[in-house]
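> Please model the complete structure; the sequences and the hints are all you need to start from.
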Amino acid sequence: MTAQPLILADSLDMTAAGPLHKALLDRRGQPLSIDASQVRRVGGQCLQVLLSAQSTWAADGAEFQIVDPSPEFADGLVLMGAAHLASAAAALSPVQD
Amino acid sequence: MDPLAAIRETFFQECEEQLAELESGLLAMEGGDQDPETINAVFRAVHSIKGGAGAFSLEALIRFAHVFETALDEMRSGRLAPSNDVLKSMLRAADVLADLVRAAHAGDEAEHPGAATLAEELRTMSGAAGAEDESEEDWGDFEFQPMAVAVEGAEAPAAAPAGFKVAFKPRADLYAKANEAALLLRELTRLGHAEVELDAHDVPPLNEIDPEAAYLSWTVTLTGDADETSIREVFEFVDGDCELEVTPLGGSAESEGGEPAFDLSSLLARVQGDAPAEAAPEAPVEAFEPVAPPPPAPVVAPVVAAAPPPAAPPAAANETAAEGQAAGGPRKTEAGATIRVDLDRVDRLIDLVGELVINQAVLAQRVMEAGLARASAVAMGLDELEQLTREIQDSVMAIRAQPVKSVFQRMPRLVREVAAMTGKPVRLVTEGEGTEVDKTVIERLADPLTHMIRNAIDHGLENPEKRAAAGKPAEGVVKLSAAHRSGRIVIEVSDDGGGINRERVKGIAIEKGLISAEATLSDEEIDNLIFMPGFSTAAEVSDISGRGVGMDVVRRSIQALGGRITISSRPGKGSTFTMSLPLTLAVLDGMVVSVNNQTLVAPITAIVETLQPKAEDVHSLGGHARVISIRGGFVPLIDVGMALGYRNEPLPATQGVALLIEGEGGARAALLCDAIQGQRQVVIKSLEANYRQVPGVAAATILGDGRVALILDIDTIVTVSRGDMRKAG
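Sequence order for the protein chains is A and B. Numbering (the numbering used here) for the first sequence: 1 to 97. Numbering (the numbering used here) for the second sequence: 98 to 826.
It is possible that some hints are incorrect.
The list that follows gives simulated cross-link-like pairs (lysine to any residue, SDA-like), each with its CA atoms no further than 25 Å apart [unchecked claim]:
no., chain 1, residue 1, chain 2, residue 2
1, B, Lys-274, A, Glu-72
2, A, Lys-22, B, Asp-299
3, B, Lys-274, A, Gly-18
4, A, Lys-22, B, Ala-273
5, B, Lys-274, A, Ser-11
6, B, Lys-274, A, Asp-10
7, B, Lys-274, A, Ala-9
8, A, Lys-22, B, Pro-302
9, A, Lys-22, B, Lys-274
In case anyone wonders, no lab produced these hints; they're calculated from the structure. Small disclaimer: the values here were computed from a predicted structure and weren't measured.
Structure below.
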């Protein structure tokens, strides 16, 4: 069962990386759904936190998905060569044990 | 304020500094300065603004700064000669850049009317290859263009026609300095067809990751017309905060498909082989491996950017990199030597120190009342406290003191604009920009100064034909100077124009009913008529000098600052406006006097001497008007008690003390008081803010015994009494 989705801040700049990291750590071990509908821009540091979370959740065998990405979020990921985070992640998330 | 907003605010503050640098550098060059460091400083100013703008995605600003910077780079490399015309355009570009900075600060996204034209002008000027692809773009379109970027896994085309492989790995410092990898990538993808490949192999698990470190690296395969210089320019501002490798496609650094292109160990090995030995003796290979979060210290020496890339780069790129670092050095030292403090905090501190001064005075009074001997330990301790308080006060005031440069530097632009509007060539000469004065004074100086300079050009200077006829050079000179003089700051605005046309001024004053037709006035009095409300000498109201807002407004704003303004004019030679202002609005050295059992304070700066009137020196003019003879001359004797309405019958002159004061324009008067209590520094408390404006009273203060004492507005008292005297006469 997926808990309340984690809603990403609208500006995922360097100041958002710390809070995002903490918010993700707090949800460790639970299936995670991340709502990216409000994101207007995304930077490198938040991306690496999200990528880290993705692989961590995969290693934990827990569900990890990013839902409802805003066009800006999707665009930002494409720009940084991480489009798979939003698209593939949802489709390829491991089945929960 | 959230941290990013604070950084943004700092960016705009720094922009103002850079803009000032830019303008003063360009002006110096216009004045014949050929020092290469000047052009470098100018270049760096625009470059820094562009870099900061990039971090905040201020597109309009980035675009314009980029074009400007390109032109400056051409000039720096000697390809563009700094001719007068070129520098004039550059100065106008500096004005536009300033507008764009301010618009960006205000969040105003409207297009700047002059920016596109000027950008085109700059492009034509630089005319270099690098500028060409810029000119193809629609300048007004600042939108991010959707671009063709392949997602991870896509292989680079095997036989790309032309292009580069750009390997880019940000360091934590890059982010810490509010730069953003995403924006750099965005800039890069604008240069051509880009395929972005992300290497996230170094990203540790969530429990080990330091969210403020940098783990990602990118390889961008860029095809199109972009040259290596323009690619490196994208990263110019983060030079030293990232590792960057630009190799031509088909070059040695090309990696096998599918593998991460960023092979750091081989890169580092190559760099260490190529670079001078001292460049990276200690750069440890392990430091690149983000097993543990990187330490806060810089991970490696910035060798990559400085190392010669495989393809021989244009000399300019290396110079730029070196300069970027050179520029970074001193700036870092400055950052350590100064701090930015919210003005509110300083003001609060000043208020508190003001209270401390009052409190100390109260304490001193109490000690005196208690009858303690002057030599007693308490009294001596109190003396020390007084000294200390005074020192603290001076130091606190010094925090708020700023050079007048901040307001003076706005004037060259104003002069350029007004000169353009009036068609009069003008040169502005400034002097004493380093003169310091309280920030509150500075802030309120801008408006009157602006008005006076406009006036000097619009009304003061003659048009070129008249100047030629008078045998003067076509270019008029407006001089703006500041200096400290006897505890005040004196600011002068002078022009070498025709001087005040006294006949005409008098005619207008009579016509407007400001003076009677029979009045005989001294030259000084005629000159001062221009300060009268409703007086305007311009035959038609011009755009430049405002609509009916005359010098009276200037005088009022100067007076509100506790200052005086005077004019001296020589026909055919020009006019000089002199403003004398207090250095601070917070404290005042005053002469404490009693008038009809009231305690009043007269500003010491206005007092020339004090004297005990003798009966034979005082002459009545009828009514209550009196004059006193001082060393052969007569000055009006003004009874302060009468002037302020404390009493209805004048004090016999021999029973009081007279303060000889010098008012506006050097006019003297003697103020009659009952007695002098002494001199002391008083803390000014605004009467307007706490009560309301009272004619003849400038402000109030709190004395040692806790009572409120009024501070006299000497000029008003003199002016009012002079009117009374005329009526009496």
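> Does Lys-22/A pair with Lys-274/B here, judged by a C-alpha cut-off of 25 Å?
With a Cα-Cα distance of about 22 Å, the restraint between Lys-22/A and Lys-274/B holds, given a limit of 25 Å.
> Is Lys-274/B close enough to Ala-9/A, meaning Cα to Cα at most 25 Å?
holds (21 Å)
> Tell me if the straight-line CA distance from Lys-274/B to Glu-72/A falls inside 25 Å.
Holds, because 23 Å separates the two Cα atoms, which is no more than 25 Å.
> Verify the proposed pairing of Lys-274/B with Ser-11/A, using a straight-line Cα cut of 25 Å.
Given pair Lys-274/B, Ser-11/A holds - Cα atoms ~17 Å apart, limit 25 Å.
> Does Lys-274/B pair with Asp-10/A here, judged by a C-alpha cut-off of 25 Å?
holds (21 Å)
> Would you check the hint for Lys-22/A and Pro-302/B, treating anything up to 25 Å between C-alpha atoms as holding?
Judged against 25 Å, a Cα distance of about 13 Å means the pair holds.
> For the pair supplied as a hint, Lys-22/A and Ala-273/B, is the alpha-carbon distance within the 25 Å limit?
OK: Lys-22/A and Ala-273/B at ~19 Å, within 25 Å.
> Lys-22/A and Asp-299/B were given as a pair; does the straight-line alpha-carbon distance stay at or below 25 Å?
holds (20 Å)
> Verify the proposed pairing of Lys-274/B with Gly-18/A, using a straight-line Cα cut of 25 Å.
Holds, at roughly 16 Å.
Comparing the model with each earlier hint shows no violations; every hint is respected.
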